[in-house]
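Just so you know, the protein sequences line up as chains U and A, in that order. Heads up: the first sequence begins at 1 in the working numbering, then just goes up one per residue. Heads up: the second sequence begins at 66 in the working numbering, then just goes up one per residue.
Incorrect hints may appear among the rest.
[As the list claims (entries may be wrong)] Beyond 12 Å from chain A on every Cβ pair, some chain U residues (computed):
hint, residue
1, Asp-3
2, Asp-33
3, Pro-34
[What the hints assert, rightly or not] Here are some of the chain U residues that sit facing chain A, going by a computed Cβ distance under 8 Å:
hint, residue
4, Gly-42
5, Gln-62
6, Val-63
[Unchecked claim] Among the chain U residues that face chain A by a calculated CB cut under 8 Å, a handful are:
hint, residue
7, Met-1
8, Ala-28
9, Ala-58
Everything labelled a hint here was simulated from the structure, so no lab data went into it. Given the structure is predicted, the values throughout are model-derived calculations rather than measurements. Built from N, CA and C at the ideal position, the CB exists for glycine as well.
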Amino acid sequence: MIDELDRRLLHGTMSAAMRSQVAQALNAIAPTDPTPPGDVLGGKFRRVQAGIYLVLTASQFQVER
Amino acid sequence: MSKLSRRDLLSLGGCAALGLFARSATASRLSLMTALAEPLAPTDYRALVAVFLAGGNDSNNMVVPVTGYSAYSAARAAAGLAIPQAQLLSITPPAMAGSVFGLHPELAELHGLWGQGKAAVVCNAGTLVEPLASRADYLNAARKKPYQLFSHSDQQGIWQTSRADTRVQTGWGGRIADALACVNGGVAFPMPVSVAGINLFAQGVSTRPLAVPDSGTALNNVFVLSGFNSSAESIARRASFDAIRGQDASLPLVKSSSDVMQQAIDIGALFASDPVLSPDRFTGLSTSIARQLKQAAKLIRLNRDSAGLGLNRQIFFVQQGGYDTHQNQIGDQVALYDALSQALNAFTLTMGDLGYGDRVTAFTLSDFGRTLQPSGSGASTVGSDHAWGSHQLVVGGAVNGGNFYGVNGPNGSIFPSLAMGNVAGTSDTDTRGRWIPNVAVDQYAATLAKWFGVSTANMATVFPNLHRFASQDLGFMNLAGITTPGCQ
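The following block holds chain A by itself, in its conformation from the complex (with noise of 0.2 Å):
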């Protein structure tokens, strides 16, 4: 044998069982899961969807008010970063009575769930840990902000977490899965699945997620155990493989990794076919956010169908790159909106073929918004820098759709103004346009864990800082009929 550190070793022997296995597994990440239960029909399923837009969506171009577009346009016009009047496709809040918005034009599909109430916008939403009223709030050192403003990996970290006071090692989503574990019957089957690798959303305290590949690698590809065939030779060495993972139980971290494995080899048996979509609404679409997408929606129909899952409740987290536009903007935001545009209708149509049309509820996440006050200037090159608050799609039948949700801010309006720097009813924190959001991720959050089940008690639990905030239900979902599980 040639010389091998130790080291060397272990990266070598840890992926040779499993293709995909997660290796990283590291002590705090071990589960110690029990084996997979006895099967249960879905018989209250709901699924919530986040959708992370990575890099700091420019939301200012994503919905635009029309009544008012001159403000808008004072601002980005003249550099290139304003969207014309005339391409933009046309709503009209009831909750903004007697004004007009557009949404950016490549986001024709989701114009059409809006028309069908199956989308809403939240407005100027973001992190927060107290409310901040003003501008005079914000720049009253006296008043919490959360840290590291305009920074990528906090700001992305606090809207996972919704911890904007302090760096936490779980996530709203991982949280909500914690509390609400009881509800998938003792199914060890993850309830949180991330199609975009390890993120912090969906870490829980006793939870934790699977991860899995887009819909690139059918399912049946995905917890593969290789190297070993029929001969008798591997038949045997299959048995010992197995007869010793069963062994030395008596010592935590053996018996953690163990079980980690054993997870990996059950859920091995249960992806033993790939899920077919019929009609498959994603046929066409091959970008990475319709691909992650995709995945869920298998995801979503395997449980539906498995005898060995039936969950009730199923967390998802896709993520698409690509917004951090302080350059090339136009032409990337038509890339990037119109990608997540048919990808999310792909989607909610899938949703209704399962029969899940107001089961499944999905929503934006993104690190931030971006300066109303251009980068640069000239339209193939122009875009905006880090900013803060921004507006959030949540689409799906269980949505109050075709409105905007919100708080109001300093302008008394749920909408910010877009007057920047330090005048009358600014959202600025600066003279960028710069939005002091209106609404915590707290309270998002909160909305959406109410429609999933989370019962009052533990909502505090969930999320430790939502009693600072008056609203902790901005009614964006529609709760009629909806049970709040009592096992919890």
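Isolated chain U (complex conformation) (with noise of 0.2 Å):
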């Protein structure tokens, strides 16, 4: 997933480092399957979830190189 993250939003420039750091937060997500209905999404979607997230607000997309 992290390389479709960023194949698609990165070009493929995403550092090693910053690498290790997206998977040191999904990891800290469960990939639960949804289990309604307290967890509507389920883990695997907040993981989806949280690598867009740390993606697009990183500096190193929104400065297109």
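Make one complex out of these two single chains by using the hints.
Written out as structure tokens, the structure reads:
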């Protein structure tokens, strides 16, 4: 998934250090499937959300290179 | 994922992290700020508060000659644009010995400040490239005139940059901040703060202003980093979010962008609690200009009391719109001056409460004055058109108040003759009462800058055209006990 974010959002320019930070954050989220009604979206979805959030808010994304 | 362009993602992602964080920060605005440094208490505090009267204030109705009222009345009464003499709030400026003037009846609070010596009028100020001593000078093609006279955007720009000869990307507020940056002891919080959006006035060469909303938004809601909570997942995401901001610092634009984000987060921390004004002099005032000045007052209070701030110099920019009174001027001016007078009075009282009565100076700027000759007729619809020189108000305990200031014009007085057309002593550019300014923006601004502590050496950098004008201190600021910081 991180490869996909890197390819789609950063043209493959994500540094190893940034990749490591994104991975750390994603690994903190258990990759569960949705279990309604309490956890509507599930950990897998939240991993995608967190990954996109971290890349989109990064200066590395906001500055076009 | 649905199809999103990179542009869409840029606009979505940029706003995701911080509510009001300036997403518009382009490369030219990115600030290379260091982390917020050690605190210090203000030891020599001074603040300038620019009050921009946007649209072109018709100061012909703000300050009216009572001695010689007939010339004013002859120009304006028939069309319904004259303020009746009996309603004017009488003032007798010593500089105009023997002459009585009147302030607009809605300026009651400012009239009070005038009586306390805390308000002055600078007469017939405007944009100038070089002195123009007469109508003949103005009509002489060889004499330099400001670019795009009578145009809102251009004249607003010149009032904010002081450069009537050319368009520049810095304002005189920002350049004053550049010159005095050392006085704030390395605290990275910007010296200039705009409560009216991004503008030229507060942009410097190395200075980037902070823009905040008015007091309708509590300071602790201005820079809120939302979207995180206390769950383990969120804590991990926040840790990565912070760590990524420190990466790729070898890429200058990435570093600049990260620094701006870091600065916003740091300022968010400084704004953790909303300062309270006690007593709240703004109680009952709900106008935009009152809310803006209240927010400025709250920031001054926060700076005074906050361990992470303690700036010795601050510059604020506020703006009151609605002055482009081509029509309905009588009614509109009542509302505008009422709001302005009450807001400036509340602000002045608050500065006294904070112990900064003689440390903070508010002053007006405006696109231009308006034609003495009315536009249209009938009290409910009459207005006036774009002109040039106009009178400005300066308010605060450090002002040599209760007087008029300026430079003598073709009538031998600092107050222009109200004679229109090609007659002796006129300041008119044509036939409608468009006054050629006696005082350049540069002179007006330099008088304030001198009080603020800009050194003589730096004055030429801050005001490149100032040397063309004979008087570089109009005398309306009390300089007793004022120091000029040696670090600049």
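> Which hint numbers does the structure go against, in order from smallest to largest?
Replying inline: Failing hints, ascending: 4 and 7.
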